[in-house]
Every structure is written in structure tokens, then in C-alpha cells.
Amino acid sequence: MDQLELLKKDWKKQESKLPKLSKEEIAQLIHKKSSSIVKWIFIISVLEFVVPYFILLFTGYDNLSMKNYEKIGLSDFMTVFYAVTTIIILYFIYRFYKNYKSISANSNSKVLMQNIIKTRRTVRHYIWFNLIALFVVSLVVIYKMFHTQSFIDSLPENTSMVLIWAVSIFVLLFIMLLLWLFYKLIYGVLLNKLRNNYKELVHNGMN
Amino acid sequence: MTKELEHKFVVDLEQNQNIVHKVCRIYTNNQDAHNDLFQEITIQLWKAYPKFRGEAKFSTWMYRVALNTAITLYRKSKRTIKTQDFDSVLYKIESSEYDNTEEEQLKVLYKTIHHLSDIEKALIFLYLEDKNYKEISETMGITEVNARVKMNRVKNKLKNILNP
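Chains as they are written, first to last, in this note's numbering: chain A, 4 to 210; chain B, 43 to 206.
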């Protein structure tokens, strides 16, 4: 007999040996806590939305910092910046919510994986947006700061502005790199297995 | 969700629980892991149940949700206590003991299945459950051609292990 047919026959025979749960046991199970990856994706994504926003808000948007921005002539710019970022962040949250809602175990395997990946992609774009916004606004603030009289006066003589700029940009990029690596780590832990499964599933196997 | 719906679900699942147990058999290799996955599949089935409108057979729908849970949604819990693997209990076999009887062949086959990828496990499972390519393609969301190609590949993989 073909070995796979043999396996199939045995598989059917094994059916009588499977465990059997009572209705009461099943009823208890349905109220247990889920350990689904979707739950973790939701929790971590919400944290990823909230944390950068609060960092942005509490480090830059208070009376003291607004006064500082005023000193370097940036208060209007910063107000517009915060307004625009808030609108964009709200849009990201809306997109995230829509994608998250579309995740359903009723879909076929491919669609389910796609919807999870899409949901995470929204969060990834959000993180990119934050990093770029942080970079741009820091550059503007540094530029303005470097051109205030008090800053220029505080510099020792013969200080090279090029060097100061180089160091500032290096520090900024370094902070962004750290954030990005940290993010890669979370993303990898959550989605590596899923992405590999997805690749294997959609690969048409022709080669 | 109403008590009535819950009762109907429990009755349906109790009658069809074999499907879930069989998915657990393919995807886990010890009793604790089996119970863990069974619990998660039950929770996912219950969560998806209100959206199950009876457009498919209850069992067909169960295959889909159960496999989705095993392949994609389930995260192995850390608290699982290490117990002896099914592999080592049921299929205790050394290559030197290999004598090519049907029983030995089965042991090797089951052991090999446990080492397949998640997707390959799903394909072999659907094959063992006598699902046709149309059903397989609908469950997995791939074309029938792709399902056929993938299935042949897994079958060959298993055969090659027995006939190197």
C-alpha cells in the first residue's frame, strides 16, 4: 500500500483515541483569556501610538518651552507643527483602527495574515513619521538656536560652526538609529514567524 | 452575547471537537501544548461565532478558524511545563531499529510531520482529512494550482524520508 494511504488509514483509526471534552468543560474554556498574537499586537501598537505622542507633547509643548521658542522666534512655527502632527496622528489612529477591525479568524489564512501585516504596517509608518518629524523639527530648532546672539556670545573664540553642526546632526542621527533598532526588535519578535509563513504560503512553488 | 448563543455554540463544538483535537495533534507534540492550543482555538471559535452565518457548514468553518489559530494567531505560552514529547513516547525509534514494517513507517511519518513548517502541516492535515483542492484553496486563500503544487511537494518530502 502507498505509504501516505497507510498514514491516512491510521489517522482515521486514531480518531477513536482522541480526548473528549464534556459540554461543561468546553463552556469553561470559552471564558478563559486568549493568548492570541492579535491581542499583543493591539497592546503594543497602542503603546507605540501613545508613547511618542506624549514624549512630543511633554517635552516640547508646555509654557516654558513655548517661551523658549518665542525667544528664538519659533512660537508660530511650533504651534503649526503641533497642530499638523496632531491631525496626522489622528489619521494614523483611524487607519490603525480600521485595519485592526478587519482582522478576523473567519477569513482565509492568506487574508488573515495580510490584514495583520497591514495593521502593523500602519504602525510602522506612524513610527517613521515620528522619527522624521522629530528630525526635522530638531534641525529647525537647532538652526534658530545657533543664530541667537546669546548662543554666539557663549561660544569660545574660533569655534568652528561646521563642527558644531556635524556633532549635532551626528547626535540626532544616533538617537534616531537607537529608536529605529529598538523598533525593529519589537517588530521582529511580533511578526517574524507570521511573515515567513506568509511568504511560504503565497510563494507559488514553481521554481 | 446571550446565554442561548453560548449554549448553541457549546453543543456544536462538543459534537465537532474532533476537528480541533486533530489540529492540535498535528501542531503540538505534548499534552500540555495540546491543551493550550485547544483552549486558544476554542476561544477564537467563540469570538468568531457571531459572524458565522451558516454560509458554510459548521465543520468547514471550524477547519478554517482552527487552522488560522494554529498557524497565525496562537502564541505559545511560556508557562507550559515541559512534559515528555509525544515523539519520544509514541515514536521511540533509532535509525538502527528501523525495520520498515508498517508500524515503523508510521512512526517515522508522524515524527516527520511534527518537523514540517506550519503551512506544510496545514496541507498534510487537510489531505488526511480528505479535503479536495477546492476546499484547501478556499481555506488557505491560495489558488488550486498553488495548493496542488505545494501538496505534491509535501507528499514527496514525506515519501523521500521513507525511501531515501
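It cannot be assumed that every hint is accurate.
As the list claims (entries may be wrong) - For lysine-lysine, the following DSSO-like pairs were computed, each having C-alpha atoms within a straight-line distance of at most 30 Å:
id	chain 1	residue 1	chain 2	residue 2
1	A	Lys20	B	Lys153
2	A	Lys23	B	Lys50
3	B	Lys45	A	Lys202
4	B	Lys64	B	Lys89
5	A	Lys42	A	Lys202
6	B	Lys201	A	Lys12
7	B	Lys64	B	Lys153
8	B	Lys153	B	Lys163
9	B	Lys99	A	Lys113
10	B	Lys173	A	Lys101
11	A	Lys196	A	Lys36
12	A	Lys113	B	Lys118
13	A	Lys36	B	Lys99
14	B	Lys93	B	Lys149
15	B	Lys45	A	Lys15
16	A	Lys16	B	Lys93
17	A	Lys26	A	Lys16
18	A	Lys196	B	Lys89
19	B	Lys89	A	Lys20
20	B	Lys118	A	Lys15
21	A	Lys104	B	Lys149
22	B	Lys163	B	Lys173
23	A	Lys196	B	Lys176
24	B	Lys64	A	Lys74
25	A	Lys121	B	Lys149
26	B	Lys163	A	Lys35
27	B	Lys197	A	Lys104
28	A	Lys196	B	Lys149
29	B	Lys163	A	Lys23
30	B	Lys93	B	Lys173
If you are wondering where the hints come from, they were derived from the structure by calculation, not from laboratory data.
Note that this is a predicted model, so its numbers are computed, not measured.
Evaluated hints:
no.: 1; hint: A:Lys20 to B:Lys153; verdict: 18 Å, holds
no.: 2; hint: A:Lys23 to B:Lys50; verdict: 18 Å, holds
no.: 3; hint: B:Lys45 to A:Lys202; verdict: 41 Å, violated
no.: 4; hint: B:Lys64 to B:Lys89; verdict: 20 Å, holds
no.: 5; hint: A:Lys42 to A:Lys202; verdict: 23 Å, holds
no.: 6; hint: B:Lys201 to A:Lys12; verdict: 16 Å, holds
no.: 7; hint: B:Lys64 to B:Lys153; verdict: 15 Å, holds
no.: 8; hint: B:Lys153 to B:Lys163; verdict: 12 Å, holds
no.: 9; hint: B:Lys99 to A:Lys113; verdict: 20 Å, holds
no.: 10; hint: B:Lys173 to A:Lys101; verdict: 34 Å, violated
no.: 11; hint: A:Lys196 to A:Lys36; verdict: 22 Å, holds
no.: 12; hint: A:Lys113 to B:Lys118; verdict: 21 Å, holds
no.: 13; hint: A:Lys36 to B:Lys99; verdict: 27 Å, holds
no.: 14; hint: B:Lys93 to B:Lys149; verdict: 40 Å, violated
no.: 15; hint: B:Lys45 to A:Lys15; verdict: 35 Å, violated
no.: 16; hint: A:Lys16 to B:Lys93; verdict: 33 Å, violated
no.: 17; hint: A:Lys26 to A:Lys16; verdict: 24 Å, holds
no.: 18; hint: A:Lys196 to B:Lys89; verdict: 23 Å, holds
no.: 19; hint: B:Lys89 to A:Lys20; verdict: 28 Å, holds
no.: 20; hint: B:Lys118 to A:Lys15; verdict: 27 Å, holds
no.: 21; hint: A:Lys104 to B:Lys149; verdict: 43 Å, violated
no.: 22; hint: B:Lys163 to B:Lys173; verdict: 14 Å, holds
no.: 23; hint: A:Lys196 to B:Lys176; verdict: 26 Å, holds
no.: 24; hint: B:Lys64 to A:Lys74; verdict: 70 Å, violated
no.: 25; hint: A:Lys121 to B:Lys149; verdict: 41 Å, violated
no.: 26; hint: B:Lys163 to A:Lys35; verdict: 27 Å, holds
no.: 27; hint: B:Lys197 to A:Lys104; verdict: 37 Å, violated
no.: 28; hint: A:Lys196 to B:Lys149; verdict: 28 Å, holds
no.: 29; hint: B:Lys163 to A:Lys23; verdict: 23 Å, holds
no.: 30; hint: B:Lys93 to B:Lys173; verdict: 23 Å, holds
In terms of the numbered hints stated before, the structure departs from hints 3, 10, 14, 15, 16, 21, 24, 25 and 27, listed from lowest to highest.
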